[in-house]
Amino acid sequence: MIDELSNPDIPVPDELKASVTITTLDKIYNWSRRSSIWPMVFGLACCAIEMICTAASRFDISRFGMEVFRATPRQSDLMIVSGTVTKKMVPQIVRLYNQMPEPRYVIAMGACASGGGPFKEGYNVVAGIDKYVPVDVYVPGCPPTPQALLHGLIKLQEKIDSQSLRDVRWYKSETNEPVPVPVLGPDLMDPRQYQLIKQRALQAAAQAEA
Amino acid sequence: MYGSGILAGLGVTLKHFIDSYVDDLKFLGQRYYNPASLNQRQGTRGKGVFTVQFPEEKLPTPERFRFIPFLLYDEKPDGTHDDRCTSCGICAKVCPPQCIWIKRSNDPVTGRPVPQPAAFYIDIDICMNCGYCAEYCPFDAIKMDHDYELASFDRTSAHIFDKQKLDKPVAYYASLRPTDYAAEELVRAEEEAKKAAKKADAASKAAAPVAV
Amino acid sequence: MSATAPTVAAVPANLAEHFPAGVVADTRKGYEGYVVGAAQLLQVAGAIRDKLGYNYLSSVTGVDYPESNQIEVVYHAFKTSGGPGLNFKVQADRNDPVVPSLVGLYPGAEFQEREIFDMYGVRFDGHPDLRRILMWDGFAGYPLRKDWKEPFFEEDLKPFASRWPGGDVRRSEESDPFGANVQYPPEFDPYEWTPETETAIYKLIQPKAGNGNGGHLKTDKLIVNIGPQHPSTHGVFRMVVVLDGETVVDLKPVMGYLHRNHEKIGERNTFLQNMPYTDRLDYLASMSNNHAYALSVERLMGVKVPERAEYLRVLMVELTRICSHMWAIGFLLNDLGAFQTPALYAIKERELILDFFEATAGSRMMCNYMRFGGVSRDLPAALRDENTMDFLRDLVNNRLSYAIDELDRFLTHSEILRSRCIGVGVLPAEKAIAYSAAGPLLRASGVDYDLRRADPYSIYDRFDFNVCTRPNGDVYDRYLVRIDEMRESVRICQQVVAGMPTGGEILAGKPQYNVRVPAGESYGRVENPKGELGFYVVSTGKTNPWRYHVRAPSFVNLTLLGEVCKGHKIADVVVILGSIDIVLGEVDR
Ligand code: SF4
Ligand code: SF4
Ligand code: SF4
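Residue numbers (the numbering used here), protein chains in the order written: chain A, 1 to 210; chain B, 1001 to 1212; chain C, 2001 to 2589.
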């Protein structure tokens, strides 16, 4: 761990090596964050079962400091979208995402969460959660085995490692706009699309008349 | 006595707790990162700590494990690839979520279809790893992979596998599924032999019609 | 017809004579049972229940027949004393379908009728609470009608022509004008829309809250939403609870948050293509789902499953039962507050069984193992560095029974568990039957009804096992029934491993991907870990089913959640839900 953190650019005299390590702020910041990612207790479908297995004794997610599953979004760093995202559920997911404090990460676990999966054609299925919230890591598979999920988590750690205090979005002065929560109408409505919906619906009506 | 049930229960946890140390001692420091001990720990007689230390050690994938299909090619002596796939379309028809797209190639001269796919795509954001494509392909040209470490940062560019990404040599397949491979080769050899015998038969008939 | 498939066989010939005005035998090819006139339905159903003794209404579902402009509501009733069932139907005009509700006779029909209303737009006269159940109020259209098309609609039936030979890869989003899986009625204006998703349920439940409770304390009743994102709802499930202090006055389940359109997709798929989808219904018990679906289709096809395949099926299904019960017990304890430890022990045993599934079928959870007329693969020669049979013998003869005993010692006599569970969520036998409860929930109420015994299928008649019942019908008894059933499953597995024929066929006929199924209807059911899992399949003789309906035990078992929870404390609601053991993949489908 010490090796991992130490900064080779700054030489430390041999006699001090036992007691002094020099690191960069970025490194220690990222290292602390990535070693204690707290996921949200958030299971959607079959993939959630594999997520629970990942947390159980065989694959033991606590080896990565991630066993602290929080039931509230306000205390969690990571949302593992584990399963099929349905239209009926997506408003709640977006709301949960908005409630998570920065820095926050999202993993799309499984084919369903990434891009709709086998149920993509279904009328109540959202073809990928990334239509609504930004996703950091996609883990393919149906379901991804626990080891595949662990691999995805390691990927996420890599991503965290590559971030720098200087340009992370959560220390910028401009505020982060929350993602607009979709509304359940005759079908799922994304508030960002209202103009388009209205326009297309009028077009369709005109077409039907002609 | 009130509380004896709880105490008995706690005895069970205590036993599990002690088991993990007994187990550590038994392996004399060889407990982790050692395939033989991994198999023992994960088997029916395993006791004590059950954890697989992923990623340093990995639970071995069984031969039949299925994850995202791939396409097989034979390597010709001159190093070029000979696709096994004949673009017959059976896998695309049988695929339950319909996530296989195949473009048949045509002969540039005659314009007639030739048994080679011009393009082959699998959307792995739809694929349900059911294994039907591998099961029903009559040419053993598509098989299920074992590589599950596919997590990525971007799906739009990376998650539709094209032919280049799907193509893998037969040798790779033989290393993944030695038993299945051997069985298939056996059937293939038998069929070849049958065909050859038929040919020889026909040839001999043609050559010596009087002898029959 | 296969000799071992469950049959809904000959019905008493006198039903049509009894009611000459309203009942005719269903004479369509491959169909069975009776067609009842809507006007006589209540009377006929009453006679079926009280005179003929079919006291258990297992499944209610709809089928759309646009050609005859009718929507048919199909009922399957059984006797809890065992034996074949009775199938009767009501036909309603497609343009304005109205059918009398059977909730008064069989309260277990409540949610199933709501589902038909949701999916087909059939109105049930006299239904106490006819709202959409899987989709939300305000959704446009009745999705399971044959002429309703979803936004990503490509073709009526699979395989789609666009995949081969000219397969240009394309994501469905690219063809939809909104770039997402949505569509809107013409002239729809989103700015004018007021969401009505939540209005109906609050209108229903608000009066019960009212002001003050009339008791010695002047308190307000409180409406609390548990879920859909809540750690103890076992997935995305929601309960709207009216509380008086901590006591539950009323509870309404809200579901559909995982409605993945199994049935719509299933009617587009070919028969074979549905098999991997069934894995994803009750994803803790994929083998049982495979089995039920295979049985109902085999019944139409009339194939005989080879001996060894039958043994393999039973082995897999019983191991699945152990997995599922382990999981249920582990998470019941989680709900009780014994956070993690029991669940971890249970999951550990489950992992061993999953290893076996993975080695045999290729996947831990989504086994996709069974085919029509057999199974897909025989046992592998080796599992890791061990002979598979050795592994299996060790598993069923030593390991699992030890693990179950240990779980028993660990939990059963714990005073905390007992005081939280005994007398909580009591469900009397008559109520359990009336509400069509199934599985451990029913048997814990003392009803001796297990399909493996009551209506034997596969080769269950060859094995020696007990049907486990308990008399009290509370949470503790449900827990005990699960422990007992795991023991019985282990016993069955032991008999299977000892008696399995070596070698021999595992699949009748050649592997076929384009299975043609003779026209007709079929209701195949098995005792899956959660209860009676049934598949109602209608074939028109082609390669795709006309109707593919899942009678999901978790879904029907939820009908009585509100009843059972009333009067208990809020903390007990979570425990009662845990003891019913639902899987949302199956509830919402
Ligand atoms: S990706 Fe597969 S396993 Fe995961 S939720 Fe979707 S269907 Fe279930
Ligand atoms: S992979 Fe096999 S089934 Fe698919 S097109 Fe090629 S040869 Fe046919
Ligand atoms: S594994 Fe199944 S879903 Fe995936 S490509 Fe093959 S047939 Fe299609």
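Just to be clear, a hint being listed does not mean it is correct.
[Said to hold, decoys possible] In the BS3-like style, the derived pairs of lysine-lysine whose C-alpha atoms are separated by at most 25 Å in a straight line are:
(1) K2252/C <-> K2566/C
(2) K2149/C <-> K2569/C
(3) K2146/C <-> K1194/B
(4) K198/A <-> K172/A
(5) K1047/B <-> K1103/B
(6) K2566/C <-> K1058/B
(7) K2149/C <-> K2203/C
(8) K1195/B <-> K2348/C
(9) K1058/B <-> K155/A
(10) K1015/B <-> K2203/C
(11) K2252/C <-> K2221/C
(12) K198/A <-> K2569/C
(13) K2079/C <-> K2431/C
(14) K2348/C <-> K1026/B
(15) K1015/B <-> K1076/B
(16) K2510/C <-> K2252/C
(17) K2252/C <-> K2542/C
(18) K1047/B <-> K2566/C
(19) K172/A <-> K27/A
(20) K2079/C <-> K131/A
(21) K1103/B <-> K1026/B
(22) K1058/B <-> K1076/B
(23) K1168/B <-> K159/A
(24) K1015/B <-> K155/A
(25) K2304/C <-> K2566/C
FYI, nobody ran anything at the bench for these hints, they're computed from the structure.
> When you check the alpha-carbon spacing of K1015/B and K2203/C, does it fall within 25 Å?
Replying inline: Status violated; Cα separation ~54 Å.
> Has the given pair, K2510/C with K2252/C, been kept, meaning a C-alpha gap of at most 25 Å?
Replying inline: Roughly 50 Å separates the two Cα atoms, so the pair is violated.
> Holds or violated: are the alpha carbons of K2566/C and K1058/B at most 25 Å from each other?
Replying inline: violated, 49 Å
>> With the threshold set at 25 Å, check whether the alpha-carbon distance from K2252/C to K2542/C stays at or below it.
In response: Given that 25 Å is the threshold and the Cα spacing comes to 41 Å, the pair is violated.
> Within 25 Å, alpha carbon to alpha carbon, are K1015/B and K1076/B?
Replying inline: violated, 60 Å
> Given the hint that K198/A pairs with K172/A, does the C-alpha gap stay at or below 25 Å?
Replying inline: violated, 35 Å
> Straight-line Cα separation of K2252/C and K2221/C no greater than 25 Å?
Replying inline: holds, 15 Å
> When you check the alpha-carbon spacing of K1103/B and K1026/B, does it fall within 25 Å?
Replying inline: violated, 58 Å
> Taking only the CA atoms, is the gap from K1058/B to K1076/B under or equal to 25 Å?
Replying inline: violated, 34 Å
> Given the hint that K2079/C pairs with K2431/C, does the C-alpha gap stay at or below 25 Å?
Replying inline: holds, 15 Å
>> Hinted pair, alpha-carbon criterion (25 Å max): K1047/B, K2566/C. Please report holds or violated.
In response: violated, 44 Å
> Can the restraint linking K2348/C and K1026/B be considered satisfied, given a maximum Cα separation of 25 Å?
Replying inline: holds, 21 Å
Checked against the numbered hints given earlier, this structure breaks hints 2, 3, 4, 5, 6, 7, 8, 10, 12, 15, 16, 17, 18, 20, 21, 22, 23, 24 and 25; the rest are met.
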